[in-house]
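Q: Just so you know, the sequences run in chain order A and B. By our numbering, the letter at position 157 of the first sequence is numbered 157, and the numbering carries on one by one without gaps. By our numbering, the letter at position 120 of the second sequence is numbered 120, and the numbering carries on one by one without gaps.
Note that these hints are calculated values from the structure, not bench results. Treat the hints with caution; some may be incorrect.
[Said to hold, decoys possible] On the chain A side, residues computed to face chain B include the following (Cβ under 8 Å): (1) Leu13; (2) Ile14; (3) Ala19; (4) Ala56; (5) Ala125; (6) Ser126.
[As the list claims (entries may be wrong)] Across the chosen pairs, the derived CB separations fall in these ranges: (7) B:Arg206 to A:Ala89: 33 to 43 Å; (8) B:Gly167 to A:Ile86: 41 to 51 Å; (9) A:Ser82 to B:Ala33: 51 to 61 Å; (10) B:Gly214 to A:Gln243: 47 to 57 Å; (11) B:Leu95 to A:Phe41: 43 to 53 Å; (12) B:Leu182 to A:Ser82: 33 to 43 Å; (13) A:Leu151 to B:Ala43: 28 to 38 Å; (14) B:Gly214 to A:Ser82: 27 to 37 Å; (15) B:Ala43 to A:Ala221: 42 to 52 Å; (16) A:Asp171 to B:Ala33: 53 to 63 Å; (17) B:Ala102 to A:Thr137: 51 to 61 Å; (18) A:Arg74 to B:Glu194: 22 to 32 Å; (19) A:Thr237 to B:Ala33: 51 to 61 Å.
Beta carbons are placed, not taken as given, at the ideal position from N, Cα and C, and that holds for glycine.
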Amino acid sequence: MWSSVQRWRGVALIGAVSAVALWLAASGQLVLYIHPRYIVFTVVMAAIALVLVVAAVASAASRRASGDDVPPSRRERALGLSAAAIAGAFVIGMLVLPPATLSTATAQQRQINATAADLETLDAASEADDKTVARFTVREWSGILRQTSDLAFFADKPVTDLVGFVAPDPDDPENVFYVSRFVITCCAVDAQPLGVPVHLPSWQDRYAVDSWVSVTGEFGANPSSSSAQPVVVLPDTVEAVEQPSEPYLF
Amino acid sequence: MPVTLETPQTRDARRASRRWGARHLIAAGLGVAGIIALIALRATTAESGPAGLPDAAQDLITLSTSVIIESLPFIVLGIALSILVQVWIPEAWLLRILPRNAWGRRAVISLFGMFLPVCECGNVPLARGLVRRGFTVPESMVFLLAAPILNPVTILTTHAAFGFDDGILVARLLGGFLIANLLGWLFSLHPEPESLLTGRFAAECRIEDGHRHGTRAEQTVDLFVRESSILMPALVIGALVAGGIQTVVPRDVLVALGSDPLFSVLAMMALAFVISVCSNVDAFFILPFASTFLPGSIVAFLVFGPIIDIKMLALMRTTYSARTLLRVTLIVALLSAVLGLVVNYVV
Chain A
1 MWSSVQRWRG
11 VALIGAVSAV
21 ALWLAASGQL
31 VLYIHPRYIV
41 FTVVMAAIAL
51 VLVVAAVASA
61 ASRRASGDDV
71 PPSRRERALG
81 LSAAAIAGAF
91 VIGMLVLPPA
101 TLSTATAQQR
111 QINATAADLE
121 TLDAASEADD
131 KTVARFTVRE
141 WSGILRQTSD
151 LAFFADKPVT
161 DLVGFVAPDP
171 DDPENVFYVS
181 RFVITCCAVD
191 AQPLGVPVHL
201 PSWQDRYAVD
211 SWVSVTGEFG
221 ANPSSSSAQP
231 VVVLPDTVEA
241 VEQPSEPYLF
Chain B
1 MPVTLETPQT
11 RDARRASRRW
21 GARHLIAAGL
31 GVAGIIALIA
41 LRATTAESGP
51 AGLPDAAQDL
61 ITLSTSVIIE
71 SLPFIVLGIA
81 LSILVQVWIP
91 EAWLLRILPR
101 NAWGRRAVIS
111 LFGMFLPVCE
121 CGNVPLARGL
131 VRRGFTVPES
141 MVFLLAAPIL
151 NPVTILTTHA
161 AFGFDDGILV
171 ARLLGGFLIA
181 NLLGWLFSLH
191 PEPESLLTGR
201 FAAECRIEDG
211 HRHGTRAEQT
221 VDLFVRESSI
231 LMPALVIGAL
241 VAGGIQTVVP
251 RDVLVALGSD
261 PLFSVLAMMA
271 LAFVISVCSN
281 VDAFFILPFA
291 STFLPGSIVA
301 FLVFGPIIDI
311 KMLALMRTTY
321 SARTLLRVTL
331 IVALLSAVLG
341 LVVNYVV
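Bound-form chain B, shown alone (with noise of 0.2 Å):
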């Protein structure tokens, strides 16, 4: 990549350029007339009437829309509070609170969803976030395992959804945690822990090592800039493929395995992979199952689904390498289904 060296010269030209002008704020009017553009033309297609498409293919694009609308918020917010992170909050900060102690550090990051609730796809840019602060790999691991899980308004939720019957909610934070640091364990054995990334992010947090440049209101934009660039297009295609699933999967293909012990817990962890759903919410809507399902394979639901579902894979695809991801899915089906089945088995 080339080095720019900065001379006198130069610095004073970047520094004139970046003074608040005339420019930007023409700018910022075409951005904004381009946003009201595009609302305008939504307004006026939407009178066009039904557009005639068969069925499937309706419900196909009604599901990732869904998907997509339903994730939106949570991405926003996700790249909010990575840029909260990597700009505005000091390096020190979170360096400090951590123990020296590798098991240590790894099980306070796993507990860092309780003041960063964001649910599984905000997690992505926020890990991302933290590779880039100085976190090891390994690390950013933990905290992207876990922290959809124990994060308040998770355990809010899954707490409205099933109280304390059957060690549900215990099962799945425990379970949760567990999961996130064994897994974070066995990746920080890993010789060379930057080639589990992918060679792109890698390579970009190498540059960003040392030195950062511009204001912290220009970092801002250009890390919204940067996320969103890889975030949203890995976010469609994750919504097109998982709604696409949907509409060719029978659902009573799943729901017909529910009452035996292992196939319970298998098919209600394809569902979880499957339906993509954010880990806010999953609780409420695996409810309506629990009474035909066994109790392990809900944990098992609400343990792998967070963490590995088609979306998030797509997600995670932009930081982390395809061999990475593999080992990282089977690693946590394998702990999931062992988690429902003593679930299963035991309680």
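Bound conformation, chain A alone (with noise of 0.2 Å):
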């Protein structure tokens, strides 16, 4: 037993997460995970792993009683099963659970809009021209709006078919909520939550937290008093949509 699980436990664990890898490359959501500039690599790669896994297989069926293992402690033993047991439960679990983005637990967790944009964004917004005004994300929005309050800045140029998912406005859940994304320069592991403050009273019971909507409006003064947020979307229209099949920003 200690000497099958000893050896045919990284094939499985390598073999089982590689056809993962690929089954969700095939089905376009690798994206999920890793940023699009690695799927290549972790297609091929992963291919790689596969065919040396059939290699091992076929290997097996002449191969000699393993007489070079050093026999391990007790301690060792249970050890390695344990971990091996872990690893196992873990895969299976890639194996069967959906594929998911990350949700509000984490962009609460990580402060949304907790890091700073790049200095260029406001420059180029302020010569941006009505159709690229249009098509800002998230990304744009949300690092103009770290740099200025000033209303005026924001006086032609409208919100339009802004799309991201719904996380509450810590300081005032009632009245205003954030239309946020996840920004991914890696993997999902450093996803960084970015988001656009919007101020719709009750907007509970018409949009779930998490669900995925589309906001079209202009910028104004923020009327709630507790939210710290100084410049909010007014919005003319909040659409519920289906969660687009890239849901991170890159």
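From the two separate chains plus the hints, produce the assembled complex.
A: This is the structure in structure tokens:
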């Protein structure tokens, strides 16, 4: 038992993880976990791993009894078996649980807009034409909001079809929510939540936290007294939409 | 361990069994079928809709999965290069290019990453391969510590993120080189360097001294089986712990410390330890923090993170003893903190 667990745990784990990675790539869901620029690398390496896994299984047909393994102590054996069991259980989870994006739990825990945006956004935005402004995502708007709360700046810049998931504003959860997106530089581990505050009293009645919406409206002074945000979107329309196939911004 | 003596009869039997036959094809077919079954299982379960887990648990799974998926290709690359070094490259090659003198040897070894461009997780199998190939334990550490920083991919991404601003790139490269060589020197003073390894790995190396068996193809498969069986559980558990800590420790606790010359350095090292992101891409990760944090703390993040973090400790534990890792962690932490402070106060 020990020796076969010892010998096959790695092959089983690397085979299962590679199979999951290939399936995720085929179904376009690898972007839930890593930046698109790593997709090709990941697929190639997973394929190599699977070829080696098949070779390992094939070579088992003529394997001599392994004589060169050091017999482990009881403690080592127990440790090794439980490590294999935990890892195995998690990888089974990777096989059966549906892939998911990060939720507001992580957005709250990482604090929306905690990181600074680069200063170029503001300059670029003040010169942008209407078409460009209409294409601004949560990333551009949140960057601008961090740098200015001057209402004159926002006067001729409406928000058009801004897509993101709903996360409550911790300071005034009744009236204000964030249209949020995670921005990813490498993989979901480094996801930074960004958000644009929207003022819409009793929004909870119509939109669930974590559900996806598309917001159109204008920026204006925040009517909420308890929210820390000086400028918010005063929405004309808020529509519930499907989660986009690439939920993160890259 | 039982030593099997080879008689002519057993050798013939072994050779006969090694010939590629129907049994192998059947076994390979079973392997392929197993992989297809796994993919089919994954495809059907994906339809089942949300699992109904609490958000935090779901995010823990997503985060850990993403660490595993992100590290997987690098681990495979690391194992492949390790097999290349151990099985396919003639021994003389590697040893011939090395200078005789110990400092020179370590300096050259710390530049190995320039032509073996794997990030930190791929380095562990490679470092294990080097020890099996007769490198000393301190030398393997020099490689393990320097290669994730002194490699072309890391240099390119760090340059893309920071350019030459604030001396971050230069401090990272010099700092990585100096810390690796200093640590290698410190451990080379150890009277019994083999005791730095885990008992198991040391025993494996002793056995392998001298004899290898099987064709190169067989050795390749054997090494793949052995390395993956040691590294994969460590990777999964490291990823789980890293994901778990991230769902529990609020990020703003760390960010609040950003502008103090001392605390920003410590906070960034703590962040590097927790986040366990790959050295090839950590520069992009830290870029958004660059305006709130002092340059020295960014350098500390970029030097400490590739060498020591939760995932790396889990992986390195397969090779080095816990005491060794504790010492390495302390020394590297101290040196990176000093480096960060120097950059903060001097540059």
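Q: Could you run down the list of hints and mark each one as holding or not?
A: Taking the hints in turn, this is what the structure says about them:
no.	hint	in the structure
1	Leu13	holds (4 Å)
2	Ile14	holds (5 Å)
3	Ala19	holds (4 Å)
4	Ala56	holds (5 Å)
5	Ala125	violated (18 Å)
6	Ser126	violated (19 Å)
7	B:Arg206 to A:Ala89: 33 to 43 Å	holds (34 Å)
8	B:Gly167 to A:Ile86: 41 to 51 Å	holds (43 Å)
9	A:Ser82 to B:Ala33: 51 to 61 Å	violated (30 Å)
10	B:Gly214 to A:Gln243: 47 to 57 Å	holds (51 Å)
11	B:Leu95 to A:Phe41: 43 to 53 Å	violated (31 Å)
12	B:Leu182 to A:Ser82: 33 to 43 Å	holds (37 Å)
13	A:Leu151 to B:Ala43: 28 to 38 Å	violated (51 Å)
14	B:Gly214 to A:Ser82: 27 to 37 Å	holds (32 Å)
15	B:Ala43 to A:Ala221: 42 to 52 Å	holds (51 Å)
16	A:Asp171 to B:Ala33: 53 to 63 Å	holds (56 Å)
17	B:Ala102 to A:Thr137: 51 to 61 Å	holds (55 Å)
18	A:Arg74 to B:Glu194: 22 to 32 Å	holds (23 Å)
19	A:Thr237 to B:Ala33: 51 to 61 Å	holds (52 Å)
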